[in-house]
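J.: Now for the letters of each chain:
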Amino acid sequence: MSSTSTASVPGSGPAAIRCRIGARGVSRSFGPVRANVDVTLSVRPGTVHAVVGENGAGKSTLMRILYGLDQPDSGHVVIDDEEIALTSPRAAIARRIGLVQQELAIIPELSLLENLVLGEEPVRFGRIDWATALRRAEELSASVGVDIDWKAGAALTSIAIQQQVEILRLVYRGADVLILDEPTAVLAPAQAEELLRLLSSLRDAGRTVIFISHKLDEVVGVADHITVLRSGRTITEIARGEIDREGLAALIVGDSEVAERSVSRGDPGETVLVVEGVSAKDDRAVLRLDDVSFEVRSGEILGVAAVAGNGQEELAEVLIGIRGAASGDIRLDGASIGRASIRKRRLAGLGYVSADRKHEGLALGLSLADNSIATPALHGLARGGWLGPRRVAERVKEVLDRAAVRYGSSSDPASSLSGGNQQRVVLGRETIGNPRVLVASQPTRGVDVRGIGYIHELLRRARDEGAAIVLFSEELDELRELSDRIVVLHRGQVAGMLPGEASRSEIGALMLGNHSPEDDNPDADVPDDPTPGHPRSPRGGETV
Amino acid sequence: MTSAPTQSAPVEPDPTPAGDPPLQRILIATGRVARHAGLPVVIALLVGAVVLLATGNDPIAVYGRLATEAFGTPSRINATLAATTPILFTAIAAAFAYRAGVFTVGVEGSFVLGGLTAAVIGANMGGFPPVVAVILPLLGATLAGGLVAAVPAVLRAVWSVDEVVTTLMFNFIVAGLAGWAVQSFFQERGQANSATAYVAENAELPALAPPGQTSWALIIGLLLLIGYAVWMRRSTLGFEFRAVGSAPRFSTAQGLRVRTVLLTALLGAGLIGGLGGGSHALGIVHRYSEGFSASFGFTGIAIALLARFNPIGILVGAILFGALNAAGATVQLFINLPVQLIDILEGTVMIFAVAVFAFPRLSKRWAARSERRRP
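Those protein sequences? They're chains A and B, same order as listed.
Our numbering applies: residue 33 is where the first sequence begins, and numbers increase by one.
Our numbering applies: residue 9 is where the second sequence begins, and numbers increase by one.
Looking at chain A on its own, in the form it has when it is part of the complex (with noise of 0.2 Å):
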């Protein structure tokens, strides 16, 4: 494992395989756009390599090109220090690479070990020989050190098991390089732990590891060499040690133009939402929300913090009105909106940004424009229900330009934006008409560097200007930049309100149900064991 900062040239040393995977001159566009021009990328074997820069800066294409979903322009992908022609990912998995994309492929009604092994079946007289199968399942996971009960069925475990399932199939069916696109995105930061750590015994075992991430400490703390990649060309390449998390997201940014980290409290105004002994069930009839009260006031930021599947999911939505609240009342600036349609909650002055921006956030098939304006307040703009065409394009350029939005035309899909801008396009959506109440799940996810701050802006700026905002976020310190007050979600209960300064260790252990020392709530003791009324309870919040 040596650890030089240049690209290396392959075929100079000794017969031992220097890039096991990696890019040599690739360039490939889409339309006008480049997403890599003349990308040189080279991972030696039995490391694990972390790709880092902006959205769109090329790193998905580049993953799909080394895994035979995309073709080169120009160009090669060199696998065992060879330039070959990967066509397909078929070809890939001949070359034993494998890769796990951001959208899992478990099937839910499976049990994790039909989903290790399908396809794959170890079969004995013509059957499934069960017993084997959990054999080699049982000694996979321990060979890399996770503990994984292979009986569940898959939609009874935490998005962080199926992950790791996923990355144990591929293992299991003989690839020895693991590429992942961003795969901490969606875990909560103890799940990230442990998959890092599950990453690093990849390692060990001798397996090479690339991986894409917008989480920039765990790629300093894990990676042992890191490309950067911006505006779809290679800047550098620097091994472990070399570099810190400040330094490496201004090589990301080009520019001296990394945000400090700034904290900025809300003055708090009257209270406008009160949420009161809230309980919510999911989709299967589980109880997720158990009797959660709080207040968020005028000009006030309040935080969610909880590790994944313990109820903010479900939260988000039963404020907004998507999830009905099995019992307890939402009241906004007096009112009881608890019963109260989507609609009307939107016009009570109820702003969402969905934490899944594809598919509730925006409209991707339609126009920036109609995305614009999609919201119930449309009506505003129109006479006896026909659309005024000057007042539409005038409150267009106002949400777009509130949010700073960089775009051609208003008449382009919005899927023709970047996953940044994409956010902006919401956030100015929902923030457009002072709303009262702003519900922001997730608005940071998959947004990179530069756009993170452009979307904290935009919430501070709603706070300023009077609403009363509900953040929900996976990133502890953005909680705690952004949050005068964070409530910590445990089990569908509220484990703890902290001040928005509380430290990382702080929250973390709020999080993970133990006691805090000035919690004198007697509840919080309980043994932390997953029950079977939270089937998704995540196992690896137990280990931090």
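No lab work stands behind these hints, which were simulated from the structure alone.
Accuracy of the hints is not assured; some may be wrong.
Claimed, not checked - If you only want the chain A side, here are some residues facing chain B, beta carbon under 7 Å, derived: (1) Ile374; (2) His391; (3) Glu392; (4) Ala395; (5) Gly397; (6) Leu398; (7) Leu410; (8) His411; (9) Ala414; (10) Gly417; (11) Leu419.
Every residue gets a Cβ at the ideal spot worked out from N, C-alpha and C, and that includes glycine.
On the provided structure of chain A, position chain B as indicated by the hints.
T.: The following block gives chain B in isolation, referenced to the frame of chain A:
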């Protein structure tokens, strides 16, 4: 990679060019129609040519004769436009619902019941002033069409019952109901097949150029088409139609009127289909008889898909299918050509109209394959 958002889902309309001036917009739309609809038509003609060759015909001669029979003389154009009229209505009806992502197949039933209603009311309009004598039957027809769609609309909007199944079933119900009603109550004496009496003369929609069959029904259809275009683009509910049709989960989360949209989409398609049936009864057939609709409701579906709900595309598609129908009826007078071949041509156009949605994906695969052959 995001250059072709319209091809991601079959019922996704093209994004609206919002700010462009009208003329430019029409040109863009026409170009798009040519791109989307032209290819399936060309392929269908090629397939048809192969069939013609295989059956010992000269494709060029046959196609030439078809073109002459469709557009060769003013009277043939008149016949083409007469055949265009009913499917113009059904295509608008289908497109109206599909814009909202509602896949109704019930326009056929609305068309049939609308036709029967207009014929029955029209036959009793003897003493009425001309305008009233036309408007009353058309009103009745429209309401009857809406009635056919009412139950599926409520089932869909309130209980999310699949509209394809319910509207298809209602077609059967309506077909049976219409046949029974004619035989039991409205059967004209002295008619061998089940048919109602002819409508009163003042209830007829006058022909535009007698003796040609094209009537004022075409004008009603064209006005309806313009109304459809303007409404989809400019009304708030039209906006919500496009949003719900393109992104249902988004529309729900945004608090748009999803239920109203679903209800309106199904009811509206029924109302338009009923008006189409009424116009057909008053304008061309002048009564209701068995076989009143030559599957116009289903041809309308094909046209709406071929046009991707675009108004200009609907007009072009309706004329195309109208031409095939009109020419197919007379071409065998001149050429020894099985009339079924016209059906085959129509079917082929429909298949490729739907298949063309898959072309971008195919071409991507071809590109990847040619890449593979590269050294």
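J.: With reference to the structure, classify each hint as holding or not holding.
T.: Verification of the hints:
no.: 1; hint: Ile374; in the structure: holds, 4 Å
no.: 2; hint: His391; in the structure: holds, 5 Å
no.: 3; hint: Glu392; in the structure: holds, 4 Å
no.: 4; hint: Ala395; in the structure: holds, 3 Å
no.: 5; hint: Gly397; in the structure: holds, 5 Å
no.: 6; hint: Leu398; in the structure: holds, 5 Å
no.: 7; hint: Leu410; in the structure: holds, 6 Å
no.: 8; hint: His411; in the structure: holds, 6 Å
no.: 9; hint: Ala414; in the structure: holds, 5 Å
no.: 10; hint: Gly417; in the structure: holds, 5 Å
no.: 11; hint: Leu419; in the structure: holds, 5 Å
Every hint from the earlier list agrees with this structure, and none is contradicted.
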